[in-house]
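Visitor: Here the protein sequences come in this chain order: A and B.
Under our numbering, the residue at position 650 of the first sequence is numbered 652, and the numbers go up by one with no gaps.
Under our numbering, the residue at position 95 of the second sequence is numbered 256, and the numbers go up by one with no gaps.
Derived from the structure by calculation, the hints contain no laboratory data.
Watch out, some of these pointers could steer you wrong.
Per label pair, the in silico range of CB-to-CB distance [said to hold, decoys possible]:
| no. | chain 1 | residue 1 | chain 2 | residue 2 | range |
| --- | --- | --- | --- | --- | --- |
| 1 | A | Gly13 | B | Ser406 | 34 to 44 angstroms |
| 2 | B | Lys420 | A | Ile657 | 30 to 40 angstroms |
| 3 | B | Glu405 | A | Ile657 | 40 to 50 angstroms |
| 4 | A | Phe7 | B | Lys420 | 51 to 61 angstroms |
| 5 | B | Glu405 | A | Gly13 | 39 to 49 angstroms |
| 6 | B | Leu419 | A | Cys646 | 50 to 60 angstroms |
| 7 | A | Ile657 | B | Leu419 | 35 to 45 angstroms |
| 8 | B | Ser406 | A | Ala12 | 32 to 42 angstroms |
Dumping the calculated SDA-like pairs for lysine to any residue here, alpha-carbon to alpha-carbon at most 25 angstroms [to be verified]:
| no. | chain 1 | residue 1 | chain 2 | residue 2 |
| --- | --- | --- | --- | --- |
| 9 | A | Lys33 | B | Asp416 |
| 10 | B | Lys362 | B | Arg332 |
| 11 | A | Lys33 | B | Ser270 |
| 12 | A | Lys33 | B | Glu405 |
| 13 | A | Lys343 | A | Asn404 |
| 14 | A | Lys33 | B | Leu419 |
| 15 | A | Lys35 | B | Ser270 |
To give an idea of the interface, some chain B residues facing chain A are shown, with a C-beta separation under 7 angstroms as derived from the structure [what the hints assert, rightly or not]:
| no. | residue |
| --- | --- |
| 16 | Tyr357 |
| 17 | Gln399 |
| 18 | Met422 |
In this text, a Cβ means the ideal position worked out from N, Cα and C, and glycines have one as well.
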Amino acid sequence: MSLAFIGFLAGAIGISVPIILHLMLKRPQEKIKFPSFMFLAAAVITKSRFNNLNKWIILILRCLALCCLAIAFAWPFLPKFNEMPETATVLLWDNSFSMTANIYAGDLRGRAEKIIREADPSHTVMVGAVGAKNITWSGSFEGSPEKLLEWFNASGQGSGSSYFAKIFDVAVSKLSETPSKKKKIVLVTDRQKYPWLRCPSNIQLGQDIELQFIMPENKVPRNVAINSARILNLFAEQGQSLALALELKNYTNEKLEGNVKIFWMDKPMQDVNVILPPLQSVKTIIKIEAAELKPSFGKAVLDIKDDMTIDNERYFCANPAKLPTIAMIGGETDDGIDFIKTALAPSTNMKYAKFAELNAKTLSPDTAFAVIREGVEPKSEMGKIFFPWLDEGGKAVVIWKNDLKMKNMLLSFGITEILSLGTQKDVHRLSDIDFNHPLFKPFSGVSSGGLYDIMFLNPPRLRMPENANITAYFDNGTRENIDSLNRDPAIAEIPVGKGGIIILATGIDRKNSDWPARPSFLPFWREMLDYLNPILKEDKNLTADSPPDPCDGLKAVTNVTTGEGKLITGNLFYPDKIGNFMVESATGKKIVSVNVPSEESDTAMLPENFSAESLVAKDRVEKAKVKEISEFEDYQALENRQKCSLWWPFMAAAIIFALMELVLANRTAL
Amino acid sequence: MSQVLPLASEFLDIELFSRLSSLELQAKYLVNGFLSGLHKSPFQGSSVEFKEFRDYQPGDELKLIDWKVYARTDRLHVRLREEETNMTVYLLVDSSASMNYKGPKAVMSKWDYSRALVAAFLIFLSRQRDSAALGFLGAELEDFVRGRSSPAHYHQLMGKLHRNADSPVSRLADAMRPLPNLVRRRSIVIVFSDFYESAEKLESSVSFLQHINCEVIFFHIMDPSELDFDFDYPIRMQELETGESITINPDALRDDYLKNMKKHTASISEMLMGLGGDYLLLRTDEVPMRALGEYLAKRSAMS
Chain A
3 MSLAFIGFLA GAIGISVPII LHLMLKRPQE KIKFPSFMFL AAAVITKSRF NNLNKWIILI
63 LRCLALCCLA IAFAWPFLPK FNEMPETATV LLWDNSFSMT ANIYAGDLRG RAEKIIREAD
123 PSHTVMVGAV GAKNITWSGS FEGSPEKLLE WFNASGQGSG SSYFAKIFDV AVSKLSETPS
183 KKKKIVLVTD RQKYPWLRCP SNIQLGQDIE LQFIMPENKV PRNVAINSAR ILNLFAEQGQ
243 SLALALELKN YTNEKLEGNV KIFWMDKPMQ DVNVILPPLQ SVKTIIKIEA AELKPSFGKA
303 VLDIKDDMTI DNERYFCANP AKLPTIAMIG GETDDGIDFI KTALAPSTNM KYAKFAELNA
363 KTLSPDTAFA VIREGVEPKS EMGKIFFPWL DEGGKAVVIW KNDLKMKNML LSFGITEILS
423 LGTQKDVHRL SDIDFNHPLF KPFSGVSSGG LYDIMFLNPP RLRMPENANI TAYFDNGTRE
483 NIDSLNRDPA IAEIPVGKGG IIILATGIDR KNSDWPARPS FLPFWREMLD YLNPILKEDK
543 NLTADSPPDP CDGLKAVTNV TTGEGKLITG NLFYPDKIGN FMVESATGKK IVSVNVPSEE
603 SDTAMLPENF SAESLVAKDR VEKAKVKEIS EFEDYQALEN RQKCSLWWPF MAAAIIFALM
663 ELVLANRTAL
Chain B
162 MSQVLPLASE FLDIELFSRL SSLELQAKYL VNGFLSGLHK SPFQGSSVEF KEFRDYQPGD
222 ELKLIDWKVY ARTDRLHVRL REEETNMTVY LLVDSSASMN YKGPKAVMSK WDYSRALVAA
282 FLIFLSRQRD SAALGFLGAE LEDFVRGRSS PAHYHQLMGK LHRNADSPVS RLADAMRPLP
342 NLVRRRSIVI VFSDFYESAE KLESSVSFLQ HINCEVIFFH IMDPSELDFD FDYPIRMQEL
402 ETGESITINP DALRDDYLKN MKKHTASISE MLMGLGGDYL LLRTDEVPMR ALGEYLAKRS
462 AMS
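Bound-form chain A, shown alone:
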């Protein structure tokens, strides 16, 4: 029998002392004289013997009742293992999808199952499936291989990623819950580098804990993955064309050719041939004709020979939504082309937004943003609408125009102009782009999306207010007297009231820049639309094993079914499997796509000399003691250790002893 909260036993000792003293020392205070004990003698002898015995019986019963009560509070239990097991092993299974690489999946799984099959009451095992944010445990330390294998087969088929920063601390904590002569942590993982990010290099293990890694032998899987598949434009009209943006990446050193099949509503729609240069991403946009305006889904399947096939499928969806409105003022060009409109509504069938002239009606809280290409005077009719709208949370993109009205308006935002002394033919390009900003993040990569190739002719030299966030600068071109502190901002974000503006310090017509002719122009404006339009922030694309943020639109879920209509769960949406899911909630029905995390597709591997010992701290602590159950954070730890709780028989015994004591004792001295 073991005790979970041994400290309570002290209470029994402490309480017993005054009781014992009371019984041992208590004497009737009153003493009287009596003529003769003649009539008492016989009765007293008999009774006093009985009373003495009675008194001791009562004392014993009281002590037994208190001791049983103290033991009950100390939570006695029968441990799962009568004798201290020889070994206790925590088997950590990397539950990321990269472990499915067919060149080593069978081997790794087989070696994990071998450890599980060797479990018995003397060699206990607990299995943990390591995910991105938590570890799922098999329960308590088990000596039954069958139970462990059943759990492993059901839970060890992850679709997400894994992360090892804290797994060893958790494993050590689990081992402290169980007594055993030897303790072991075994991690089964591929040699993928990603999970080891921010993993400490001086893991503290007790001297009695052995750490072992099971990894494939220097095999780097060949992998090509579809890293992204998403509909760019809003699904707003019946019969609308949807733009599916695909990003594929080749993680191998060789050029590969493959075929992407597009399925829409479970029907094959297109086949696209792709050529993938080594170690490079390829992006392409595929047009999908959506027949009905309803929650719709599709998947892209890459048909190519590689070792990890799970990331060769990508699920995407399109839910009906209202087209955002962009209110515009000015912008007529000499050739009559409005490049922004062209970028965001390239055809009648493919629209990302609808446009309206800026006025009191079009400037509303539902307006995505405004495009200001002419200066607005605060006191003008337009100004009386526009500036309050900004203060109340409106967002505007201000595009430079070299006239007084624009300059006066920029002055009201704290933006001033330094007169340029450059020549008329001064050409500048972008430099120091903040690729962490959502506007530019999609362009990060080897080529930066060609942003550095854009030419700007005589851009103004603007000075931003202190609260401006400058996301890109112009290079100095041929300008003189330009130093690192006085570079010219090209794109900046400035808060105004509850809203704000993004200032482009350049015109975007052909006179001022060749940007509209560059491939980056259209995606830039689409990113601008995504960034400024809150509706589009609704995340319907999730990764497996990654719970949705409560701010997402998945609130108060009432039903989740697969894309085929199979009911999964009633009130919780936890995407641990990939696929398309119909989610019903208070706000209605919509499709949510769950895909594998793209970082797991990266086959970058650990160095060859990477070993368990290299991670463990040199100054290992002394043998860790088995933790008191009271230190555990949850009741599960106690459940893991105990086979059978014994608190109730001790509590019952305490009650029985107390009742017997009451029966035997009376109101007199005893």
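Place chain B on chain A using the hints.
Guide: Below, chain B alone, put in the same frame as chain A:
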């Protein structure tokens, strides 16, 4: 057993009796109270007058002729000796330490009660011109004074009562052993005691007295707490005679105690009555009028 004089208790108060300052006053209180209630007594036929003369019979000694009576009456009468008409009453008082007990509900100890009663008897006997002898029963017969009837003798006996019950043990049977050499035939022997001795041991002494035609009266004097054992919380008791102490639970022992006590009193009573004696149980919270009546009944039976 004599009939009780119930109305005497109406005007005799035990509290008052106990507060009387001297033994003599207590005794007179008892006697006067007894006598004043006597005219209401349904007890008829008893006589308190004693004959002093009788007619001359041939053969009587001439010196016994009372010539003064002859001068008055022209009849020859002889004067009888006191010893021939008067009774000798032997008053034996238990002087063991147990007699010092005074319980919570009593107003006087058994010893004081006994002394007052004995004093009352002395006054009563002196008026009756009976002889009184006095002795104290401790470990042995102590301070025994033979029977006389003179006032000076009664005074002496009264003085003997001014003592303590200081015998460490009570051995009534042993103390009564010398009585065969001391007690005259056809006497009354009254024993005042709490009788913490077995009836078997007392029987031999009583049977001898009965053999010499003595009337024996036992006045069993007990405190109310001895009779009722009405203690109701755990106490530590110390025996007066031996000093031994025990802790008892009265609730647990009461039934056995009362049973043993009643058995003992019954055995003494049966033993005594079987031998022709009388037994009277007296509580120290009651005025002992009955004691005097009992004696009176015995006295008249023997006349």
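Visitor: Next step is simple, just say for each hint if it's right about the structure.
Guide: Verification of the hints:
In this structure, Gly13(A) and Ser406(B) meet the distance hint of 34 to 44 angstroms, their C-beta atoms being roughly 38 angstroms apart. Our hint of 30 to 40 angstroms for Lys420(B) and Ile657(A) holds, since their Cβ atoms are close to 39 angstroms apart. At roughly 42 angstroms, the beta-carbon separation of Glu405(B) and Ile657(A) lies within the given 40 to 50 angstroms, and the hint holds. Checked against the hint of 51 to 61 angstroms, the C-beta distance between Phe7(A) and Lys420(B) comes to roughly 55 angstroms, which is consistent with it.
In this structure the supplied range 39 to 49 angstroms holds for Glu405(B) paired with Gly13(A), their Cβ-Cβ distance being about 43 angstroms. Under the hint 50 to 60 angstroms, the C-beta atoms of Leu419(B) and Cys646(A), about 57 angstroms apart, fit the expected range. Checking the proposed 35 to 45 angstroms range against Ile657(A) and Leu419(B) shows it holds: the Cβ atoms sit about 39 angstroms from each other. Between Ser406(B) and Ala12(A) the CB atoms are about 40 angstroms apart, so this pair conforms to the stated range of 32 to 42 angstroms.
With a CA separation close to 21 angstroms, the supplied pair Lys33(A) and Asp416(B) stays within the 25 angstroms bound. Distance check on the hinted pair: Lys362(B) and Arg332(B) sit about 9 angstroms apart at the alpha-carbon level, within 25 angstroms; holds. The straight-line distance between the Cα atoms of Lys33(A) and Ser270(B) is roughly 18 angstroms, inside the 25 angstroms bound, and the hint therefore holds. In summary, the hint linking Lys33(A) to Glu405(B) is supported, as the alpha carbons are separated by about 12 angstroms, within the 25 angstroms threshold.
A threshold of 25 angstroms between alpha carbons decides the hint, and for Lys343(A) with Asn404(A) the separation of about 21 angstroms falls inside it, so the pair holds. Annotation: proposed proximity of Lys33(A) to Leu419(B) holds, straight-line Cα distance about 21 angstroms (limit 25 angstroms). For the hint pairing Lys35(A) with Ser270(B), the CA-to-CA distance comes to about 12 angstroms; that is within 25 angstroms, so the pair holds. Checking Tyr357(B) against chain A by beta carbon gives a least distance of about 4 angstroms; that is within 7 angstroms, so the hint holds.
Look at Gln399(B): its Cβ gets to within about 5 angstroms of chain A, closer than 7 angstroms, so that hint holds up. A hinted interface residue such as Met422(B) counts as satisfied when its beta carbon comes closer than 7 angstroms to some beta carbon of chain A; here the least separation is about 5 angstroms, so the hint holds.
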